[in-house]
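Protein sequence lines, in the order shown, are assigned to chains B and C. Counting in numbering that gives the first Met the number 0, the first sequence runs from 0 upward without gaps. Counting in numbering that gives the first Met the number 0, the second sequence runs from 0 upward without gaps.
One or more of the hints may lead you astray.
Copies of the same chain are indistinguishable here, so a pair counts whether it falls within one copy or spans any two.
Subject to a maximum C-alpha distance of 16 Å in a straight line, what follows is the list of computed EDC-like cross-link-like pairs (lysine to aspartate or glutamate) [stated by the list, open to error]: (1) K498 - D32; (2) K471 - E383; (3) K498 - E82; (4) K320 - D591; (5) K320 - E592; (6) K470 - E208; (7) K181 - D335; (8) K547 - D34; (9) K149 - D552; (10) K332 - D591; (11) K284 - E386; (12) K69 - D36; (13) K81 - E548.
Bear in mind the hints are in silico, worked out from the structure with no lab data behind them.
Protein chains: 2
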Amino acid sequence: MPSYTPPLRDMQFVLHEVLNVVDELKMLPPYADIDADTINAVLEEGGKFCAEVIAPINLSGDKEGCQLDKTTHEVTTPKGFKEAYQTYIDGGWAALACDPAYGGQGLPLLVNQCFYEMLNSANQAWTMYPGLSHGAYECLHAHGTDEQKKLYLPKLTNGQWTGTMCLTEPHCGTDLGLLRTKAEPQADGTYKITGQKIFISAGEHQLAENIVHLVLARLPDAPAGSKGISLFIVPKFNVNADGSLGERNGIFCSGLEHKMGIHANSTCQMTLDGAIGTMVGQPNKGLAAMFVMMNTARLGVGNQSLGLTEVAYQNAVAYAKDRLQMRSLSGPKAPDKPADPIIVHPDVRKMLLTARAYAEGARALQAYTVLQADKSISSDDEDERKEAEAELALLTPIIKAFITDNGWIATSHCMQVYGGHGFIHEWGMEQFVRDARINMIYEGTNTIQSLDLLGRKVLGNNGATLKKFGKKIAAFIEEEGTNEAMQEFINPLADLGDKVNKLTQELGMKAFGNPDEVGAAAVDYLRVVGHMTFAYFFARMAKVALEKEGSGDPFYRAKLATARFYFAKLLPETASLIRTARAGLKPLMEMDEALF
Amino acid sequence: MPSYTPPLRDMQFVLHEVLNVVDELKMLPPYADIDADTINAVLEEGGKFCAEVIAPINLSGDKEGCQLDKTTHEVTTPKGFKEAYQTYIDGGWAALACDPAYGGQGLPLLVNQCFYEMLNSANQAWTMYPGLSHGAYECLHAHGTDEQKKLYLPKLTNGQWTGTMCLTEPHCGTDLGLLRTKAEPQADGTYKITGQKIFISAGEHQLAENIVHLVLARLPDAPAGSKGISLFIVPKFNVNADGSLGERNGIFCSGLEHKMGIHANSTCQMTLDGAIGTMVGQPNKGLAAMFVMMNTARLGVGNQSLGLTEVAYQNAVAYAKDRLQMRSLSGPKAPDKPADPIIVHPDVRKMLLTARAYAEGARALQAYTVLQADKSISSDDEDERKEAEAELALLTPIIKAFITDNGWIATSHCMQVYGGHGFIHEWGMEQFVRDARINMIYEGTNTIQSLDLLGRKVLGNNGATLKKFGKKIAAFIEEEGTNEAMQEFINPLADLGDKVNKLTQELGMKAFGNPDEVGAAAVDYLRVVGHMTFAYFFARMAKVALEKEGSGDPFYRAKLATARFYFAKLLPETASLIRTARAGLKPLMEMDEALF
């Protein structure tokens, strides 16, 4: 069974030594009193919970999966899941980043994000049960009426109830404009909702007393397409005015999907048969309201792959140090043993370092981005809020797609380190790969993310947000311009920055001629910009590590070695990506559809 | 459930229009009478068998898996597997490329290879039962005594018995020098063999009357390491002198592995408890004898991923033409429908074309390479045999590693085309991905293949074999030098050829200084050379397609479009690979082992 050690030292490095988040958070009114000790203590305790309570039920949960009772429509989660969820609630973990007005602990999103990285390392499938709740919480917090907030938020905050997002239908996922679920207004102001939803994560389970479904549906007079979609709260049990549970509502699980991974999460087909719902936000504006949840979810998905990358790395390292096989090509390194540990072999190290670099780059990018999320919500300066929001919007699709694509590569590499054993369930590595695969698909496929980045976030405002972010990079490069030790990091960063500028301009021109050029280049483009962000954060991390290398703490030597590996072995992927992005649309459209 | 259509047209194109294999095969004495009609008829019938008998039990086989009865040690394969195997035997398919002296049909290996591509598309897990037999057949054919051949080959040929390779032990896979299974000589010339083997594909099942295990073990006085390994035949049932079955031998399945994929193949832990065996070949020379089987198996593994790439492509295309979602960015393409079929989106096409190009490139490379295998065995000219053997040795690790890495990328892309449905078992796409994953591991991990290529096959003879292959490429470039229509293909091919030469020289120099430089660059190097072979075969295919484009057969237009896609969107990966290969060893070794 895999093991897991929370990467607290690296988190602390990113938060306190690279990003100085305490200084940044203190500027935000709700976090004026925050300090590093509090953050560290929460993460240390949270890490213990993840390693001791959640991680041990990951492998067994995958094997066991969820069971649907087709008579009662009730779903039973794997052994230990309910007990772990109770421990989670009892520990107050659900409330970490929630509003004190509803019983929350009022910590920054950033702290919650770090905690969730560890939960995801420990058990992605389990983590999705509380994880979806958080999205529902945020959506209702932003768009619910006072009454809805009063009724639902306290119990989503303390974890007594969980939440879901009910978007997808059999004939539409990406294209929600096509959805058919209907909502008929009732005399009492509620709606009767009827339709079929699929792929509803945590759609039914026995972990919580109630499940708060947020459902997209159409009003009878709604315009066609995405401008005719409204959002509704549809609880599993109707909720009385005093907050107590009423009758079972007409929304139930009609099937469980058999999936490649995240077996322990109940992925439900949900049937709504005149289920009673109340509207959230304005009629026909449901998609916009749902996007609050969706954007949070996209950051969360990146975080899932960060978690899997980290835990896969840790286990592959342990195996590579332990497994004896062949001698180093440059002569025996463990002559007293029958063979050398495989970590002596350069390509094994390359696979391990790839995972390590992808984890460390992702951790820095995620922390930086979620700090912007905190600013965008909690700053008392409107300009700062808007700027943070724009940067958050720019970086969200990068986090979702770049980190999840990297997670697929990294977990597969870590599995490969195990040789044949990697393919066997009991070692746990192949589960990380299978679990990581869904992250490239849900909450908007990675292709959709890339279109969002290039089409909407970059070209949509003539590159203004990207330029602002680029100025931060340029300022850093300027600052370090005379620091000789930093040249190995800032020179390739500056070079890539120039190339991104040029590529962006070229693609903008091409898109002007034919919008399909965006679709042809977007996936490559996103990876190029993703590398630019990683290169920026590795350079910033290297700067700190160079300053502190003399302290004798080997952490800084390791950080420098990882940064150097990143620049030497991963960043050069951009050379190909820029070429293929530039190769454009023609090679993709030459083949007639009939000839495929 | 996925569907499958045998790609007969493309096979015929490669065999007859590009490689002119009939002319080449006719020069080999055993195939003096071969003709295209025979080959085509066999493949057509074989394709039917694959599509109609084997493909329909692929998805169900994956779900059901194999069952071990722990009392009897017998393994039951999924429903329909035994009946399909009987149909396979009855159709004479097992005997296709076997020696007529033992009841075989005496067709070239090349025809068998094409048939196996289709079997693998239809059902990789099922195909491994007969597939392993073929390796055992070849090993015994090359190294068995006359008596062993007489006893075993006829029944391996007609499929009444199947075979296995028993190499791996819990503590050693790559490093067989460490193996511990013991063989004690008996007075009657047999050996009593005792030990533990793991990961034995098709190690136990009820499809055939007997299973012929080829087992690596150590004699009591054997030298340590890989020079002390001998090879033994250990049948499940002892075989009497008249060929009839005797007593159950002391080799049995003590456990089934729970794997990521190929669920329907029985991957066995095998316990040998004084099992009776007879030696194959010379004492302590077992590894060399086994390598006959291993090299065949490596080509077979590449072929598995070719098969999976093809079938994943076919299904993803069908889905992409059928699934309506979003409008093309350049305006509606199916205005009469609620949305456009997703094949209009450039990135969907990119994913599909990636799979298509990887399949078509692999098919050409495989066919060319297996033609060399036929020559290396059947030519009556010793020089030709040796030359073919050298080229086969050069291309084998490329086929194993490049095609299986590509298969992983391609099946994952094809799954991605399905969005969320790709993650669901019933659509069959995620199974292709899971099945494809093992191909990067077994029969020597892809890292081992890359070391074999760069260390042994290229630098091991100062690049002589690679240079010979390079001369063929150069000659083709020369021939087409004045053909303007071919410039778009031969210019990048020539450019890559130059880069490979330069890179090979550089790596040779570096390796001279430190042998670990080979390990640092080998994986990147193999992909670069793999691309060179694909670029060569795509250029050759493009040449034919250009000549015949005017015929009106749209097949040639499609081939040209695929070739152009390959050069524009896949070949540029070499730009990054050359950079990372060149970045060398230092970034991999800087981190102390303790700091990982």
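The hints, checked one at a time:
In this assembly of identical chains, K498 and D32 lie within 16 Å of each other by CA distance neither inside one copy nor across copies; the values are 42 Å within and 60 Å between. Taking the shortest alpha-carbon separations for K471 and E383, only the intra-copy value of 15 Å comes in at or below 16 Å, while the best inter-copy value is 64 Å. Taking CA atoms no more than 16 Å apart as the test, K498 paired with E82 passes in neither setting, with 52 Å inside one copy and 60 Å between copies. In this assembly of identical chains, K320 and D591 lie within 16 Å of each other by CA distance solely across copies; the values are 12 Å between and 52 Å within a copy.
With identical chains, the CA atoms of K320 and E592 are at most 16 Å apart between copies only, with a shortest distance of 8 Å across copies and 51 Å within one. For a Cα distance limit of 16 Å, the shortest separation of K470 from E208 qualifies neither inside one copy, at 49 Å, nor across copies, at 73 Å. Taking CA atoms no more than 16 Å apart as the test, K181 paired with D335 passes in neither setting, with 72 Å inside one copy and 24 Å between copies. For the identical chains of this complex, K547 and D34 are neighbours neither inside a copy (22 Å) nor across copies (74 Å), given an alpha-carbon limit of 16 Å.
Within a single copy, K149 and D552 get their C-alpha atoms no closer than 50 Å, and across copies no closer than 69 Å, so neither meets the 16 Å cut-off. For a Cα distance limit of 16 Å, the shortest separation of K332 from D591 across copies, 13 Å, qualifies, whereas the shortest one inside one copy, 57 Å, does not. For a Cα distance limit of 16 Å, the shortest separation of K284 from E386 qualifies neither inside one copy, at 24 Å, nor across copies, at 71 Å. Taking the shortest alpha-carbon separations for K69 and D36, neither the intra-copy value of 49 Å nor the inter-copy value of 56 Å comes in at or below 16 Å.
In this assembly of identical chains, K81 and E548 lie within 16 Å of each other by CA distance neither inside one copy nor across copies; the values are 46 Å within and 65 Å between.
Hint compliance for this structure: hints 1, 3, 6, 7, 8, 9, 11, 12 and 13 are not met, and every other hint is.
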